[in-house]
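A.B. asks: What follows is each chain in one-letter form.
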Amino acid sequence: MTTFTPEQIRLALMIATSAMLIMAGFAIVFVIYYQKKQLEQEKKLRDVEKNYQLMLLETALHSEESERRRIAQDLHDDIGTMLSLTKLSLNQLAKLIYRDPTRLTSPDAAHLNSPRAELTLNKAHSLVEETIVHVRRITRDLVPTTLDQFGLVAAIEEFIHRMGENYTLSVQFHCDGEEIPRQSPRVELALYRIMQELVNNAIKHANCDEIVIELHLDEGKIEMQVTDNGKGFDAATIKTSDKAGLGLRNIESRLSVINGEVKYQKPGVRGSQARIQIPVEPQRSAKPEPLHPFRRPATVKG
Amino acid sequence: MAFFTYIERYPLASSAVFFILVPLFVAGLRYPQFNVAFRLLFIYLLLDLTVGLWMMYLAAHRTNNILLLNLFVPLRYVLFSGMFYYYFRSALVRRIIFYSILAFGPFALLDIYASNRNLSDLHNHLVGRYSQVVESVLIIFWVLLFFYEIIKTLKVSNILGYPFFWVCAGLLIFYSGNIFYFPFWYYTNTWENKLQVGLIDDLPFVVEIISLSLFSIGIWHTRSHHDDLYS
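Same order as they appear, the protein sequences are chains A and B.
Residue numbers are given in my numbering: position 23 of the first sequence equals residue 23, and the series is strictly consecutive.
Take any residue in the second sequence, note its place counting from 1, add 1000, and you have its number in my numbering.
In isolation and in its complexed conformation, chain A is listed as follows (with noise of 0.2 Å):
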């Protein structure tokens, strides 16, 4: 039987465990490294996910806008187009009738000149010119040309000018108009959009009678903010809802697009007050690109 030397003991142990101590101290930095690797890895797979929604997301928006111009520039020339016609067809009408009356006496057209066909007449013409202003309405609505062309500010205003008309409530636009730089045709139509859902937000479930709209630059960004003294709302509880909550998800999904966020608070004991901070991009000239109103994106044929 072999017998072992203390000394070869000593040996055997001293090797043993520093081997098992590099194996410990090996698996503990492997761990570590490995699993910060794995996390990296995990990140970047995250990112390039939340890039592709945000893809999606933006392509839809863009989709969204896009079909909004097409059915505009479909009631501009086409409805907008004969309902001019049909007005001055009507005109015509009315010179005719007003004009030549004898050709009226003739014993199958007497009915014409009667006070009641001039009324009717009268009807026509004047439905066809309300028609008119709603087509325009409707147009301007669906696609916001003053953004375009003037930006933001000039826009926010035109809307609220257009409420006046339409809605006995009090709505004021302070801004710093000087201050606020032209951004890219995206982010001044996201925030224009985000302005409107959250004025028919307030309009249509708030039960106020006064609505602010504030604009101005803050540390590097840009600042909307729209207060009412509705009703107030919880915004959690509201974005869980399946339908109720659409158009709130709608204004975070616009802002995610552009990097922007929102916050809801209550300004005071009634109302509510939507916060909306955007980087600001740089500078975009202030000079109006010669649009057409209702421009379909060029397209480049190979």
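For the record, the hints were derived by calculation from the structure and aren't laboratory data.
From a predicted model like this one, the values you see are computed outputs, not experimental measurements.
For every residue, glycine included, the Cβ atom is placed at its ideal position computed from N, Cα and C.
Among the hints, a few may not be true.
Stated by the list, open to error - Computed footprint of chain A on chain B; a stretch qualifies when at least three of its residues, placed anywhere within it, have a C-beta under 8 Å from a C-beta of chain A:
id, stretch
1, 1012-1025
2, 1151-1157
3, 1165-1176
Based on the hints, put chain B in the right spot on chain A.
C.D. replies: Frame of chain A, contents of chain B only:
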């Protein structure tokens, strides 16, 4: 007086005992944030300090203190494996840990009896032959299994700030440093010590100080860590 003489003669062994105060002090600061696992670690540290001081006292008065160590081994395994029982969520792993606790207690007692046939002769009492080795294998296995879970689940965002990782690192260092040395305790810890292993004799104290330092880091990190491996 004998106590202080002992400290003077065996500074490293004494330091390892007094070093337990470091994680205990940190544990005192962090106790409100402790979960069940860290409360078990706290109990272990308290017991380790008590047993360590008691053994030092007995050694200083030339009294065999190995019975305390032998009884402390199964208790230590119960506390450490209890920590893993808390951290693992797999029912199978938990069941295995539970049965290992049930089996290890009787095994350790049997090992003491097998190593010391005449239990009434406390003066010539010896360290159990196998229980510490088995304990080392089991704890190293639980630590490696836990590391595997960390890598697999990727739920821990900052592993260096994850408290139980440091505790596992401490356990791995402690048991890896001792696993080959534990079998020799039976032969080296006797009155007539015929086997001298030199510097290796000090190794348990060194690895204990390292593992206690790692425990302290883990306990310190319990302050603001909320990652759950299975959330």
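A.B. asks: Hints first: check each against the structure and report whether it holds.
C.D. replies: Verification of the supplied hints:
Coverage of a stretch by a chain is defined here by at least three residues with a beta carbon nearer than 8 Å to that chain's beta carbons; for the stretch 1012-1025 of chain B and chain A the count is 0, and the condition is violated. Counting residues of the stretch 1151-1157 of chain B whose C-beta lies closer than 8 Å to any C-beta of chain A gives 4; at least three are required, and the coverage claim holds. For the stretch 1165-1176 of chain B, the proposed coverage by chain A is satisfied: 5 residues have a C-beta within less than 8 Å of a C-beta in that chain, meeting the threshold of three.
Comparing the model with each numbered hint stated earlier shows that hint 1 is the single one that does not hold.
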